[in-house]
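If you use this note's numbering, the sequence shown corresponds to residues 394 to 617, in order.
Simulated from the structure, these hints should not be mistaken for laboratory data.
Take these hints with a grain of salt, some might be off.
Straight-line distance between alpha carbons at most 30 Å, and here's what the computed DSBU-like set of lysine-lysine pairs gives [what the hints assert, rightly or not]:
1. Lys575 / Lys536
2. Lys458 / Lys525
3. Lys525 / Lys579
4. Lys579 / Lys452
5. Lys575 / Lys452
6. Lys547 / Lys575
Just so you know, these numbers come straight off a predicted model, no measurement behind them.
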Amino acid sequence: MKSGVNPRTKVLFNDALLSLLSPPILRPTSNNLTDIDPDEENGVISCTIDNNLINIDTKTISPFKCVFGSAGKLQEDSQTAIVAIYGCWLPDRRLREYRYIMDQLFYYIYHKLENLVINDYVLVYFHGATPKHRTPELKFLRKYYQMVNFRLRKNLRGIYVVHPTRWLRTVIAVSRPFFSNKFYHKVHYIYTIAELEREFPNNPITIPLIIEQGFKSLLYTDSQ
């Protein structure tokens with residue numbers, strides 16, 4: 394896993410740091426995290442939810458496609474896919490068309506998962522460098538969770554939340570009544586690069602530069 398940060402260093406992000414690290418427009422200059430869908434370039438991709446065919450507005454969500462990344466398989470001989478979500482590139486809740494953009498982005502991610510996931514999969518969510526105004530509200534998470542089909546829910550082996558803030562942990566704890574116990578117990582917190590490498594020793598996961606900058610702007614250093 395490429396990173397210039399001491400893997401034994403633990404960082405505690407706060408809102409002030411997150412605001413500095415997440416300017417309104419900050420995207421990778423190239424996105425090789427996931428394969429390009431041939432139809433995507435023509436803006437004609439779609440997904441089916443509850444037997445309803447939904448056309449996805451790929452033009453509107455173009456600046457936010459880098460939110461989703463495919464990180465290969467859990468092991469070389471495994472069919473378990475690794476999916477990465479980068480919170481620092483989620484839409485700003487203050488955008489006028491935020492609700493529409495979020496819906497279209499969810500459909501896009503859903504489309505990607507449907508095509509990527511054959512059997513089991515794990516979801517790695519990078520929360521580092523994600524300010525509150527880019528974190529989806531609970532009502533959106535609940536809505537999208539209910540829209541996910543049974544196959545994708547059942548085949549989800551685990552959710553790894555990397556660099557969670559106290560605020561995010563509180564939100565997840567408060568949301569527990571809205572999700573099944575089975576789903577809730579799939580959530581795992583990852584605080585350091587070393588922990589992430591231990592969980593995924595056979596497949597490095599791309600860490601965006603903006604998150605590495607968060608590690609370098611240390612607010613808390615592990616004494617180990």
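Open item on the list: Need the status of pair Lys575, Lys536: alpha-carbon distance at most 30 Å?
Closed with: Status holds; Cα separation ~18 Å.
TODO: Below or equal to 30 Å on CA atoms is what counts here, so check Lys579 against Lys452.
DONE: Roughly 34 Å between the alpha carbons, so the hint for Lys579 and Lys452 is violated.
Open item on the list: So if I understand the rule, the pair passes when the alpha-carbon distance is 30 Å or less; does Lys525 with Lys579 pass?
Closed with: holds, 23 Å
Open item on the list: Hinted pair, alpha-carbon criterion (30 Å max): Lys458, Lys525. Please report holds or violated.
Closed with: holds, 20 Å
- [ ] Take the C-alpha atoms of Lys575 and Lys452, compute the straight-line distance between them, and say whether it is at most 30 Å.
- [x] Answer violated: Lys575 to Lys452 is near 36 Å, above 30 Å.
Task: Holds or violated: Lys547 to Lys575, with C-alpha atoms at most 30 Å apart - done: holds, 10 Å
The structure does not agree with the numbered hints 4, 5 stated previously, though it agrees with the rest.
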